[in-house]
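Engineer: Just so you know, the sequences run in chain order W and Y. Position 339 (the first sequence) corresponds to 361 in our numbering; numbering is contiguous. Position 270 (the second sequence) corresponds to 281 in our numbering; numbering is contiguous.
Among the hints, a few may not be true.
Below are the PhoX-like pairs computed for lysine-lysine, each with C-alpha atoms no more than 20 Å apart in a straight line [as the list claims (entries may be wrong)]:
(1) W:K151 with Y:K300
(2) W:K151 with Y:K41
(3) W:K151 with Y:K101
Chain W is nowhere near these chain Y residues, computed Cβ spacing over 10 Å in every case [said to hold, decoys possible]:
(4) F14
(5) F82
(6) S137
(7) I161
(8) I165
(9) P237
(10) I252
Residues from chain Y that face chain W, not an exhaustive set, calculated with beta carbons under 10 Å [said to hold, decoys possible]:
(11) A118
(12) G295
(13) L296
What the hints contain is simulated information worked out from the structure, not anything from laboratory work. Note that the Cβ used here is the ideal one computed from N, Cα and C, for glycine as well.
Spelled out, the chains give:
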Amino acid sequence: MRNPFVMQCGEFHVDYKQDMAIWKIARVRWRIVTIVALFALFPMVATDYVVGLATLCGIAGIGAIGLNILTGFTGQISIGVGAFLGVGGYTSAILTTKLGISFWIAFPLAGLITALVGALFGIPSLRLKGLYLAIATLAAQVIILFVISRWDSLTGGTAGLVLSRPQIGSFTFTSETSYYYLMFVVLLITIVFSLNLFRTRVGRAFIAVRDRDIAAEVMGIDLFKYKVLAFFVSSFFVGIAGALLGHYTMIVSPELYSISVSIEYLAMILVGGLGSVFGSLYGAVFITLMPVVLRSVVDVLSGTFPGLEAVLIGMKEVVFGVVIILFLVYEPDGLNKIWSNIKNYFRLWPFSYTK
Amino acid sequence: MAFFLQMLVTGIVVGSVYALVALGFVLIYKSSDAINFAQGEFLLIGTYVCLTLVASYNVPFIAALLLALAFSALLGWSVEKVVLRPFIGKPVISMIMATIGLSSVLAGIVHIIWGHETRVYPPVFSEKPLQFGEVIIAPVYAWSFVIVMIWLIIFTLFFKYSRFGIAMRATADDQQAALSMGISVKTIFAIAWAIAAIVSAVGGVLLGNINGVNSSLSLIGLKVLPVAILGGLDSIPGAIIGGIFIGIIESMTGGYLDPLVGGGLKEVIPFVILVIILMVKPYGLFGKKEIERV
Numbered sequence: 023m024r025n026p027f028v029m030q031c032g033e034f035h036v037d038y039k040q041d042m043a044i045w046k047i048a049r050v051r052w053r054i055v056t057i058v059a060l061f062a063l064f065p066m067v068a069t070d071y072v073v074g075l076a077t078l079c080g081i082a083g084i085g086a087i088g089l090n091i092l093t094g095f096t097g098q099i100s101i102g103v104g105a106f107l108g109v110g111g112y113t114s115a116i117l118t119t120k121l122g123i124s125f126w127i128a129f130p131l132a133g134l135i136t137a138l139v140g141a142l143f144g145i146p147s148l149r150l151k152g153l154y155l156a157i158a159t160l161a162a163q164v165i166i167l168f169v170i171s172r173w174d175s176l177t178g179g180t181a182g183l184v185l186s187r188p189q190i191g192s193f194t195f196t197s198e199t200s201y202y203y204l205m206f207v208v209l210l211i212t213i214v215f216s217l218n219l220f221r222t223r224v225g226r227a228f229i230a231v232r233d234r235d236i237a238a239e240v241m242g243i244d245l246f247k248y249k250v251l252a253f254f255v256s257s258f259f260v261g262i263a264g265a266l267l268g269h270y271t272m273i274v275s276p277e278l279y280s281i282s283v284s285i286e287y288l289a290m291i292l293v294g295g296l297g298s299v300f301g302s303l304y305g306a307v308f309i310t311l312m313p314v315v316l317r318s319v320v321d322v323l324s325g326t327f328p329g330l331e332a333v334l335i336g337m338k339e340v341v342f343g344v345v346i347i348l349f350l351v352y353e354p355d356g357l358n359k360i361w362s363n364i365k366n367y368f369r370l371w372p373f374s375y376t377k
Numbered sequence: 012m013a014f015f016l017q018m019l020v021t022g023i024v025v026g027s028v029y030a031l032v033a034l035g036f037v038l039i040y041k042s043s044d045a046i047n048f049a050q051g052e053f054l055l056i057g058t059y060v061c062l063t064l065v066a067s068y069n070v071p072f073i074a075a076l077l078l079a080l081a082f083s084a085l086l087g088w089s090v091e092k093v094v095l096r097p098f099i100g101k102p103v104i105s106m107i108m109a110t111i112g113l114s115s116v117l118a119g120i121v122h123i124i125w126g127h128e129t130r131v132y133p134p135v136f137s138e139k140p141l142q143f144g145e146v147i148i149a150p151v152y153a154w155s156f157v158i159v160m161i162w163l164i165i166f167t168l169f170f171k172y173s174r175f176g177i178a179m180r181a182t183a184d185d186q187q188a189a190l191s192m193g194i195s196v197k198t199i200f201a202i203a204w205a206i207a208a209i210v211s212a213v214g215g216v217l218l219g220n221i222n223g224v225n226s227s228l229s230l231i232g233l234k235v236l237p238v239a240i241l242g243g244l245d246s247i248p249g250a251i252i253g254g255i256f257i258g259i260i261e262s263m264t265g266g267y268l269d270p271l272v273g274g275g276l277k278e279v280i281p282f283v284i285l286v287i288i289l290m291v292k293p294y295g296l297f298g299k300k301e302i303e304r305v
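In isolation and in its complexed conformation, chain W is listed as follows:
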């Protein structure tokens, strides 16, 4: 009998083109189509609350893929994602509410403007790397948030701005399900784009910069160009995620984009797997759902241990930190590696000693 878990037999590559293919064999194609179809059909059976959570996970996934392009693939640590999300959200908010531009134009513009701001803060990256660059992006976070909360006439100051949901013709994306589909389409485009990015010249150059930038430069890669480009591409997706999030929650205000958001996004790509597109998604889902799960655990336990509610926020922080440290120590390659280990186990079963 054929083992149903054997997924990738029949891989006989004879040229590079086959080796680099995303859909290597027909079976993989069917599997991917099935998974996409399942996610597309899922809101039909789920409650609004679950669909809403899934939307948040998806939006976080877009942002996490963006950050992973910069940090996981190009090796430039950024502690400023929170602020770049803010730039995206605010750009879309200002364009749609103050200037009355349609969401469908404001949305890509939000990505573009965030990309420009990101590239601007990426300029020091030529001379800085590692810790120093991380601190420079931390400075970006602080400075951008300051501008946002002080430029009252444009951003509404600390009160923020109220947005509306996007609409096509007379149809408005008010329901959870419709917004889920909007997010889903953007997420699919992001995934396809970033999967393909790392098969192109530019993506390969990013990876070369990460692995050893000086060697890359010796081989003729223009470091400055590719480092700034990485900031640009990464910030574009972060900005898109910010705009989507802004129109979903229908409010933007400075405290939504604090440094703890930046840290959450870093945690996502770390828990998911640095330098992995799907890892970013797993991490985004994990980190987004963690407080929700913790909340329900506390709800169950608070019958037995009264007073647990009061320490919920503190507990969240402790669990968050412990998860990060445990992943770093025991599985630095993240959920993506765990998942591929599981797949390998079944693929090789019952000959688990083969590698």
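Given the coordinates of chain W, work out where chain Y should sit on it, guided by the hints.
Structural biologist: Quick look at chain Y alone, frame taken from chain W:
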């Protein structure tokens, strides 16, 4: 002129506290090539322990301070052993994320134990302001400055003459050479973390005396990062000069520019200066330039 001098003095005092906390960053970076994003939480825990001893158990201030310092040293020591030890030699991002995770854990513990509301120290220093010509200084500022200076002198002497201080300098210079001379690099790392926790706790107690204590005090940890970077992450004099420089700039901005823009610029200006300095001198004012070979 009096206003200018007043701002200058305030800046120097606050800056000297920054310098002390920045010393913690520098020590850890010098010994183990990591930046400790949990420095702010070390500061907070030390401050809260001291406050609890003083306010709830009526321990005399000096004794409480010493106990809090001992506790901080133990905390820094054990954190290095338990959390950071697996990350020696790992990529920068692992180090950064490990200390960020650590800071989240410590912040959570602080929230669980001490809650969120601001508490104040019972008056430790006399409240009668000192008058120097036109400049008025609160005794708590004067004492803070004196205490910080004493600590900085102690550490300078410690690094120059003590056995451990010399061993730390050797380790920072070349870990392998230090190992082959019989220095236990692991012990040095642990000591570096313990000292970093101690200096943070001192800084925290002083700032707590000036402004009161709540969990946002840990943000000082982030604010002091520009100080450490400005001076150069591996330079102790850099930390001191950077600290005082940032303190003065911040105080001047608070005095002269904040009224013009409506406040808040004071918090941002260290980061703006940081970006400018990094563009010109990527390794800070006194940092050692790393030479890379392919």
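Engineer: Next step is simple, just say for each hint if it's right about the structure.
Structural biologist: Taking the hints in turn, this is what the structure says about them:
1. W:K151 with Y:K300: 12 Å, holds
2. W:K151 with Y:K41: Holds - the C-alpha atoms of K41 of chain Y and K151 of chain W are around 17 Å apart, at most 20 Å.
3. W:K151 with Y:K101: 16 Å, holds
4. F14: Per Cβ check, F14 of chain Y is outside 10 Å of chain W; nearest 24 Å; holds.
5. F82: Holds: least Cβ distance 19 Å, greater than 10 Å.
6. S137: 37 Å, holds
7. I161: 30 Å, holds
8. I165: 28 Å, holds
9. P237: Per Cβ check, P237 of chain Y is inside 10 Å of chain W; nearest 7 Å; violated.
10. I252: 18 Å, holds
11. A118: 5 Å, holds
12. G295: With a minimum Cβ separation of about 8 Å from chain W (threshold 10 Å), the hint on G295 of chain Y holds.
13. L296: 13 Å, violated
Comparing the model with each earlier hint shows violations of hints 9, 13; every other hint is respected.
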